[in-house]
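Engineer: Going by my numbering, the first residue of the sequence shown is number 3, and it counts up by one from there.
I should point out that these hints are in silico values taken from the structure, not numbers from a laboratory.
Everything hinted at is true.
No farther apart than 20 Å at their CA atoms in a straight line, the calculated lysine to any residue pairs in the SDA-like style are these:
1. 204 <-> 55
2. 197 <-> 138
3. 197 <-> 160
4. 211 <-> 221
5. 195 <-> 22
6. 221 <-> 75
7. 117 <-> 214
8. 190 <-> 22
9. 109 <-> 128
10. 109 <-> 152
11. 204 <-> 193
12. 195 <-> 206
13. 117 <-> 92
14. 190 <-> 13
15. 217 <-> 22
16. 195 <-> 168
17. 117 <-> 98
18. 117 <-> 93
19. 109 <-> 140
20. 204 <-> 194
21. 109 <-> 172
22. 211 <-> 201
Here are the computed distance ranges between Cβ atoms for each label pair:
23. 187 <-> 118: 29 to 39 Å
24. 114 <-> 94: 13 to 23 Å
25. 91 <-> 55: 33 to 43 Å
26. 139 <-> 110: 15 to 25 Å
27. 164 <-> 41: 30 to 40 Å
28. 207 <-> 41: 36 to 46 Å
29. 138 <-> 204: 22 to 32 Å
30. 209 <-> 114: 24 to 34 Å
31. 220 <-> 172: 20 to 30 Å
32. 201 <-> 53: 15 to 25 Å
33. 114 <-> 190: 35 to 45 Å
We put the beta carbon where it would ideally sit given N, CA and C, even for glycine.
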Amino acid sequence: MTEVKICGITNLEDAETAMLAGADAIGFIFYPQSPRYVTPDRAREISGKLAERICRVGVFVDHDPREVRRIVQFCDLDSIQLHGNESPDYCRVFSPSALIKAMSIQKEEDLALLKDYPVRAILAEAHDPVRRGGTGKTCDWNLARRAGERHRLILSGGLNPQNILPAMEAVRPLAVDVGSGVEARPGKKDPEKIKELMAAVKSFGNPRKSSSGEKIFPKIEPP
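Put together the whole structure using the sequences plus the hints.
Structural biologist: Shown next, in the form of structure tokens:
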């Protein structure tokens with residue numbers, strides 16, 4: 003099955019709903035400008051009450067690498083997702099096995115830049131000049147599919163229960179990342195939307211598989 007990350011978790015109830023519905027990962031956003039921002043203390047509390055089988059991802063935007071490490075260790079996170087203007091050199095500070103880089107792929111030339119990033123996976127997201135994720139906008143699925151032919155790809159951007167199947171058919175990603183598309187309001191998930199989305203993903207008949215067989219969201223030790 004195509005892997006699923008439910009992002010923008012701010013409370014234990016939503017985390018448990020995602021886990022019980024079969025999500026592979028949940029995401030905590032440590033970007034204060036996001037309406038889905040969660041403090042490290044709150045993320046640690048939520049994380050500590052969950053079963054070990056779900057991957058915990060921390061989402062960061064142009065943080066100091068030392069602060070990223072501190073939060074990762076404090077919250078016992080499994081993976082790091084970078085959503086800012088982080089350079090390839092910035093990414094090299096961390097282990098690539100635990101790193102996801104979000105990229106806005108807007109044009110043909112952007113595809114060539116992806117190879118410079120030493121990461122576990124590229125997350126294709128929609129472009130917004132101000133906001134970092136959670137915009138409800140879809141990315142260019144044609145370009146995302148081409149990126150997925152060369153790299154381990156997570157599809158994000160405006161995904162919801164209604165468009166998840168055509169998105170997966172068009173892009174054939176290894177994983178999908180969904181936030182605002184399964185919300186009742188910013189920062190609060192809708193259990194029925196999560197269940198509907200997970201049912202749609204499970205029904206997808208011919209998911210793409212990693213050539214190595216490795217999961218995008220495993221339980222691994224970040225740096």
